[in-house]
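Chains as they are written, first to last, in this note's numbering: chain Y, 281 to 454; chain C, 281 to 454; chain X, 6 to 454; chain L, 6 to 454.
Simulated from the structure, these hints should not be mistaken for lab results. Treat the numbers as computed from the prediction; the structure is a model and nothing was measured. Misleading hints may appear alongside valid ones.
Below, simulated EDC-like cross-link-like pairs (lysine to aspartate or glutamate); rule was C-alpha separation at most 16 Å, straight line [to be verified]: (1) Lys9/L - Glu52/L; (2) Lys399/X - Glu328/L; (3) Lys399/L - Asp327/X; (4) Lys399/X - Asp327/L.
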Amino acid sequence: MKPDGIDELKELIAFLRENEIAEFDLDRGDLKVRLKFASAVVQAAPAVSSGMDMVALARLLSAGGGAAAAVVPVAAQVPAIGASAGDPPAAAEEVLHILKSPIVGTFYESPSPGSSAFVSTGDRIDKGQVVCIVEAMKLMNEIEADMSGEIVKRLVTNGQAVEYGQPLFAIRVA
Amino acid sequence: MKPDGIDELKELIAFLRENEIAEFDLDRGDLKVRLKFASAVVQAAPAVSSGMDMVALARLLSAGGGAAAAVVPVAAQVPAIGASAGDPPAAAEEVLHILKSPIVGTFYESPSPGSSAFVSTGDRIDKGQVVCIVEAMKLMNEIEADMSGEIVKRLVTNGQAVEYGQPLFAIRVA
Amino acid sequence: MLRKVLIANRGEIALRVISACKELGIQTVAVYSEADRNSLHVRFADEAVCIGPPRPGDSYLNVPAVISAAEITNVDAIHPGYGLLSENANFAEVCRVSNIKFIGPPPEVTRLMGEKEKARQAMKKANVPILPGSDGVVADAEDALKWAGQVGYPVILKAKAGGGGRGMRIVRTAEELPNLYHAASSEATNAFGNGELYMEKFIERPRHIEFQILADEHGNVEVLFERECSIQRRHQKLIEEAPSLQVTPEIRAHLSATLKRCLTEIGYQNAGTIEFLMDEDGSIYFIEMNTRIQVEHPVTEAITGVDLVKAQLRIASGERLDEILPKDIQIRGHAIECRINAEHPHRFTPSAGKITAFNVPGGNGVRVDTAQYAEGVVPPYYDSLIAKLIVHGKDREEAIARMERALGMFVVEGIETSIPLHQDIFKDAEFRVGDFDTKFMERFLARRG
Amino acid sequence: MLRKVLIANRGEIALRVISACKELGIQTVAVYSEADRNSLHVRFADEAVCIGPPRPGDSYLNVPAVISAAEITNVDAIHPGYGLLSENANFAEVCRVSNIKFIGPPPEVTRLMGEKEKARQAMKKANVPILPGSDGVVADAEDALKWAGQVGYPVILKAKAGGGGRGMRIVRTAEELPNLYHAASSEATNAFGNGELYMEKFIERPRHIEFQILADEHGNVEVLFERECSIQRRHQKLIEEAPSLQVTPEIRAHLSATLKRCLTEIGYQNAGTIEFLMDEDGSIYFIEMNTRIQVEHPVTEAITGVDLVKAQLRIASGERLDEILPKDIQIRGHAIECRINAEHPHRFTPSAGKITAFNVPGGNGVRVDTAQYAEGVVPPYYDSLIAKLIVHGKDREEAIARMERALGMFVVEGIETSIPLHQDIFKDAEFRVGDFDTKFMERFLARRG
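With these hints in hand, go ahead and build the complete structure from the sequences.
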């Protein structure tokens with residue numbers, strides 16, 4: 281399997297399936313694969329592989345001289361968009377920048393209830409521009425964009441509790 | 281298995297399937313494989329390796345350049361001599377037969393103290409020939425050769441306690 | 006003190022005995038089948054001897070192999086654990102002939118207790134209550150009425166030649182007896198060509214209660230209270246607790262005194278358990294004696310602070326009970342054990358295989374007895390018990406809460422276990438109230454659907 | 006009862022508090038740094054909030070982050086565990102302002118006990134014995150002789166301006182005092198330009214003894230006996246036991262009564278520990294109070310049967326001690342704890358990394374408190390404690406034997422741990438006799454070479 285072996289990975293999975301493999305681990309040099317077919321898991325099992333994001337996996341696997349391995353841990357909280365664990369292999373792939381919450385608190389889209397949102401999907405924003413508020417301990421903390429670009433998606437809802445590092449906005453970097 | 285060893289991986293899996301393996305772990309140098317067949321998960325009792333052809337497996341696994349031995353499950357009792365994991369697959373290899381103790385007890389080389397040994401290194405023996413005694417519960421159990429051939433090495437010393445399955449003699453099968 | 010002991014068992018109980026030996030400074034020898042080569046009892050014993058292929062008959066039940074292993078390792082004694090050779094009087098006799106101490110009662114006592122009717126008579130002689138029976142067939146309905154009048158209703162009529170429920174009737178009042186007698190008798194005649202009936206006291210809601218005893222080799226016997234073991238499925242215990250909610254201090258004191266006398270007379274030695282059925286009205290009837298350490302012994306250890314396996318080893322070393330036990334043993338708190346089996350929690354099918362993740366719960370009041378570990382394998386050849394989870398709390402309520410949190414923190418992946426079943430049982434209202442009997446699991450499984 | 010509690014800690018103590026909450030039916034919220042994402046306290050809590058990057062200052066010690074996490078999860082209370090924010094009076098005050106119950110004493114009490122001299126005075130006022138000191142500098146050798154005559158020899162002279170041992174002399178008799186006084190004073194003058202000296206009672210072989218207390222919010226205080234914590238290296242406790250071999254029933258009863266009175270006066274609430282130094286002659290002197298649950302609390306739980314963390318939660322829920330504790334708490338048996346650290350057993354260098362195998366000992370009388378597991382990672386950012394191994398036996402001898410067998414069955418691979426160090430200590434004759442002091446580890450390490 282070569283570094284860019286998405287096709288081979290697919291082939292392998294198909295082959296495993298054909299052979300009615302239930303679980304499969306492979307660890308070879310900088311490559312690690314672990315999977316469990318959903319059908320084989322009789323029930324109740326922690327669905328490690330269900331919802332396995334093949335694109336993200338491929339990106340991880342293709343991470344060139346890959347230092348770390350692609351793992352699928354129990355509580356893997358890899359955000360669907362923009363895991364950006366490596367550089368784009370081919371071009372085509374668009375990598376979005378994720379603006380994460382620097383603090384724990386409550387997310388607000390606007391400076392006060394009823395007023396309009398700081399930013400909306402499709403807006404162009406500049407680095408340093410206030411994009412939302414995270415309230416912590418009664419303090420309204422203005423959160424500034426850390427990159428210029430275009431808001432592609434807001435990833436939380438107004439009034440939602442957010443933890444440290446939680447993705448708030450996906451930004452197409454200009 | 282070479283970096284592009286998907287074919288060999290397939291061959292291995294086919295082999296495992298043929299041999300009705302339920303689960304398989306391999307850890308050799310930088311290669312680790314672990315799998316579980318779906319059919320085995322559903323049934324009870326995967327009887328891991330019993331009856332598995334270790335020599336054939338060794339040959340299969342030695343295809344690559346891998347250093348360490350192919351180890352498998354729990355009870356795999358690869359005898360020191362003759363497992364030949366790792367060396368060239370081709371002919372050259374001499375496979376020795378290991379005569380194991382069928383019971384727990386004390387090994388004696390001769391019928392009584394002072395008398396000469398049943399067999400010595402270099403002796404030709406026939407299947408069914410008594411090669412030693414294992415004393416258990418005051419009973420002298422005569423152990424017979426289960427193959428004809430030549431005694432290459434005695435693997436225990438006179439008067440030594442032996443457990444079930446302990447290698448007693450290495451025999452070059454004629 | 007014994008110098009070196011061979012443990013003729015596997016799994017958690019082998020490890021339990023090894024632990025006790027280590028704490029007493031006794032050397033240990035493990036025996037193992039080819040399937041158990043990587044087991045923890047092999048790893049933690051001072052020596053280990055492979056005694057045969059995986060099948061128990063070829064290894065753990067193979068008397069010559071076990072004795073030979075004991076001889077080549079030069080041990081003083083063999084601890085048989087539970088199951089396997091533990092109640093095999095012949096094995097105990099071979100040990101004796103081979104000059105190896107068998108850690109348990111003498112073979113004669115094991116043999117006596119192994120024969121149901123003889124054991125019943127021995128107990129009866131010592132005034133231990135046994136389940137009343139008609140001592141042979143009753144002549145007719147008249148005779149049956151008389152007998153039932155003596156022991157009290159309900160009673161059960163059973164065909165002498167019978168089986169499978171035919172010729173069997175439960176009788177709850179004197180009025181219905183004659184009709185039921187004739188129905189049963191003619192059913193028996195039709196089915197077996199023999200209409201003779203015998204009778205027994207019938208217990209509507211039997212509880213399984215057992216008493217732990219210890220006896221030294223100098224004629225002293227102590228009773229370490231009871232365990233409640235009614236949560237069973239097909240006669241396999243699933244959950245045990247101590248003390249029993251139903252055993253009053255009076256019953257406990259009275260029965261303890263009787264058992265002490267009885268077992269002294271019999272000449273019992275080492276650890277043993279006397280099993281009873283208990284009626285709703287608190288009447289209690291001897292069923293049988295187990296002449297070995299019990300799977301569920303840890304609940305007794307929890308409430309008494311006595312290490313039963315260490316006591317076994319010290320008794321076998323010739324010590325006296327008054328050297329081994331504290332003066333005044335009190336029941337302290339409440340303990341519950343769940344048997345964690347490698348089996349499907351709904352279908353009860355065994356689930357052997359490799360354990361991929363294994364995280365045992367710990368913390369206050371939690372004990373785990375297990376020989377399993379992450380990356381270990383549950384072989385298909387032996388019983389499905391992979392761990393015992395025991396909790397101890399100041400009362401039953403605390404013990405239940407503790408068990409629930411411990412079950413929730415017990416992670417086993419790779420195989421199916423009974424953990425989800427136990428979690429469901431602990432949520433069950435009937436279980437929580439504690440007023441159950443040996444038919445609990447039938448009702449529970451019907452409720453769960 | 007509290008409805009939902011946030012645990013402002015990590016590792017084994019976070020899991021310990023989660024367990025206690027589960028047993029009381031309280032919902033739990035874990036907080037975690039990015040380094041602890043896969044930790045068991047995150048897995049077993051009902052909810053979990055990431056509060057910052059790995060460094061403690063940015064996460065576990067970050068007050069706004071912890072309070073915000075409590076606010077967005079709408080908890081009633083915060084349990085601080087030990088270390089981290091547990092003795093931070095300002096944090097307790099922020100909790101109060103935020104209408105979140107801080108599970109511990111009021112900030113005023115924490116603050117009082119945090120200031121050494123104030124704490125000493127508070128204790129002295131309540132007749133708790135404190136280490137005698139000269140209340141400021143002594144005027145001259147004459148004055149020093151007089152003071153030493155009052156408190157008894159040995160005493161120690163210390164430079165008021167001093168440090169590093171200069172201007173310091175231990176005085177064992179009145180005869181040698183004048184010369185030593187002048188030597189110390191001139192040494193101090195030379196070193197610091199100030200020859201003033203003060204004096205303290207000197208303890209040749211100090212034992213570290215501490216008393217566990219519980220106080221409710223209604224003015225009731227109970228003392229749950231003492232712990233012996235003299236086995237320390239660089240003021241880090243390694244092994245703790247309860248009870249202490251040196252504390253007589255008289256000392257225990259007298260001190261308990263005094264502490265009860267004292268802490269009632271101070272208005273103490275929740276769990277706390279009073280640390281003492283004990284002299285060879287049995288004299289005992291207050292050092293400081295820890296206003297939180299202690300790492301070594303399980304040894305007290307083992308000998309008393311009281312769940313201290315559940316007691317904390319129930320106290321914070323407003324319950325009274327007489328509802329929480331049994332009428333008559335007795336010391337039962339002997340308990341010992343080993344702190345298993347991720348560090349080299351000889352060089353004491355920390356050893357972070359991935360744990361490849363992790364098999365905790367179980368069985369009778371063994372408790373393990375840990376948040377580690379096979380394939381888990383010990384991050385390099387926090388303290389090195391990865392597990393507490395606690396044993397309980399009928400006496401110290403049984404506890405020691407049990408600890409030795411449990412240490413031998415504790416398998417940790419992938420990182421270095423202090424297990425081999427503990428095994429060596431348990432073999433040490435001085436340790437086994439039990440007659441040691443806080444300088445034990447120095448002697449032990451010198452012996453071991």
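Against the structure, the hints:
1. Lys9/L - Glu52/L: Distance ~10 Å between lysine 9/L and glutamate 52/L Cα, so the pair holds.
2. Lys399/X - Glu328/L: Holds - the C-alpha atoms of glutamate 328/L and lysine 399/X are around 13 Å apart, at most 16 Å.
3. Lys399/L - Asp327/X: 15 Å, holds
4. Lys399/X - Asp327/L: 15 Å, holds
Against the hints set out earlier in the document, no violation occurs for any number.
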